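Work the whole structure out from these sequences, hints included.
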Amino acid sequence: MTGDAANPFLRLLFDALLLQGGFNTALVTVGAGLLGLAAGAAGAFIFLRKRSLVSDAVSHATLPGICLAFIVMAYAGGDGRWLPGLLLGSALTAAIGLYLVDWMTHATRLSQDAAIGAVLSVFFGFGIVLLTVIQTLNVGRQAGLDTFLLGSTAGMLRSEATTIAAAAAVSAACVYALRRPMTLVAFDPAFAATTGVNVRRTDLAIMGLALLVTVIGLKIVGLVLIVALLIIPAATARFWTDQVEQLILIAAGAGAAAGYVGAALSAAADKLPTGPIIVLMSFALFAVSLLVSPLRGVLASAARRRRFQRRVHARQGLLAMARGEPIYDPLTLRILKRDGLIRPDGVATLDGRAAASKALRDEARWELLRRSSGENPLAERYDGLTPIEEVMTQDQIAALDAQLTPRLTAGQDEAGSSE
Amino acid sequence: MIDELLSPEFVQLSLPPIVIGILASVACALPGNFLLLRRQALIGDAISHVVLPGIVVAFLVTGVISAWPMMIGAALAAILAIVMIEVIRRIGQVEPGAAMGVVFTTLFAAGVLLLEQSDTSSVHLDVEHALHGNLESLIWFDAIGWASLTNPDALAGLPPQILRLAVVLSGVAIFLALFWKELAISTFDPAFAAAIGAPTGIVSAGLVIATAIAAVAAFDAVGSIIVIAMFICPPATARLMTNRLDRQVAWSVVFAAAAAIIGYVVAGYGPLWFGYANAVSAAGMIATVSGVLLGIACLFGPVRRRVGEAAQ
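Residue numbers (our numbering), protein chains in the order written: chain L, 1 to 419; chain R, 1 to 312.
Careful: at least some of the hints might be erroneous.
Just some of the chain R residues that point at chain L, by a computed CB distance under 10 Å [claimed, not checked]: (1) Thr105; (2) Ala184; (3) Ile185.
Listing some non-contacts, in silico: residues in chain L with all C-beta distances to chain R over 10 Å [what the hints assert, rightly or not]: (4) Ala118; (5) Ala303; (6) Asp329; (7) Asp339; (8) Arg361.
Please keep in mind that the hints were generated in silico from the structure rather than gathered at the bench. Values in this document were obtained by computation on a predicted structure and should not be read as measured data. C-beta: ideal position from N, C-alpha, C; glycine also.
Structure, rendered in structure tokens:
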């Protein structure tokens, strides 16, 4: 993008982010942020219940409802595109789809993934049939139903934007009100049942919230992609915490950020469809978390692996020095040199000799501990790396050394004679 | 009805879509049987979503709408998606369903964005096309009646999708036939299969590749709705009919073909019976019929009940 083009774009983007881009744009941006918040929070519960893809079936099952509502309203003489009516219709078939997934999983031998896929494809296919029926009806003003597939905020009516913003705020409030039983069930259903929570009804509430979010998100994100807002923020949050409350908060924050920034970006530039942009913003947060999270991130686990590798090499190198064995491994040599344990020509320094004989002595102590006391739980801590002082007190080590003395001297002689 | 079947219009307009529908449905249903039993049914769903970015990138690279670059692009996108799912699942320790959801929604969103950003107004490439396919438009201009089936000149004018799908269907069928034993044991008892040294990894990868090829070829002809429906519905229906793998596969072929034929006929002729002039989406109707068949099997299938606890 050239400088000339970038400036107006950035200005528009800042206007949209600061809600200065006109009332409708501001309403859509806030609505998308609230939608992301509600979706992230509801999605966290679905994620913990491992039912992420059930929401995919629910979202695809909205299509026949939208079309049926349109046909009914058009034949009743009204405007077929009245948003609350369409959303009501979509909620109805989505609920039927959700019920069918549940019923097929319980009443037949089919597994949940098969039930999800069947409901998703069949409801969507039937919706496409109804879309082609609508195209042939002579009811006028039928264009625009297909914007529910991928969402579109361009040309959204003020009343529609208000409806969406209000409904998103309501669903965020529902998540807040139901957070305790839902947390209990999501975290430990068996325990929740013993404390008197109705697990089945709470599960229903979780999926009901997902349904609500899906229906609200139809206009902004579209039914093919809305499931992303339920799944990705929760998966993102999982990288940052092991606690349920924090998981929900982070997921809600990630969803809200993706919705808000995505809607603003889409308002600031042409040809950036709102739904895909919001999904990609969400994925950007996910990808960053996957990389840099200190708990499960790729970089953190690579660093952990590398630290472990270096400790193993240093330890094995010291033991080899103590036994007078030559070291060939380049990584081991590099680590020993860096730590000042050997000189560049490979001869041990004073520090190196001290560390080597300590390593050998520790190894001998460990060996004695593991051999002499089969029942001693401390012996289980042996992994070839842990210094024995971390496991035993000075007194215990002294007691161990008392049995060890003759063997230790022999070991030191060996180490000394090799110099 | 007989008159309609004998008319040249039927051979010209309806026969090719029906044949293509059957070929695509069966090609997807065959690997679908194993995906269903391995609880990987949604792989087909994921693959058919990521086909979109694949064909868009292929179009942007080559600048033309033609079958082979697009199929290669779609296949590459499918492989990319499977690699991404595995990376997120293993390295990120994300549960498989969520990992799949993250990947296919993201790639689909990227595909839509690319499509909007690039100038594709001059060519027939849009999201609706990707979803519905264009089954109705696959007609045989050169046909003048059933006799054309024996006329080499007329046969040369058949839609190219027929040949492509026939090749892909044979390929998938040959793969299943050759590795039937390995597929069966690695599906029902992976630990045993590994213990006796069966190549489970290769067979599993082969199954996913066969799935991707079937999805891409069928997608080109009939759109992604049929693809997703046919990976799951006919095998699931068949699963409720029998306890034997060979019979399940046979039933699934029957159900897939039946859904394709009934769906196309209802979509094309059904509105006429009710006095409406316009046909409705054949792809959508085929998916709907496969769902109706599954619904009937869920209610009346001889072995519909589960023995034991529900598996998650």
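Hint check:
1. Thr105: 3 Å, holds
2. Ala184: 18 Å, violated
3. Ile185: Check failed: Cβ of R/Ile185 comes no nearer than 20 Å to chain L, outside 10 Å.
4. Ala118: Check fails; 5 Å does not lie beyond 10 Å.
5. Ala303: 13 Å, holds
6. Asp329: 27 Å, holds
7. Asp339: Its Cβ never comes within 10 Å of chain R, the nearest being 30 Å, so this holds.
8. Arg361: 39 Å, holds
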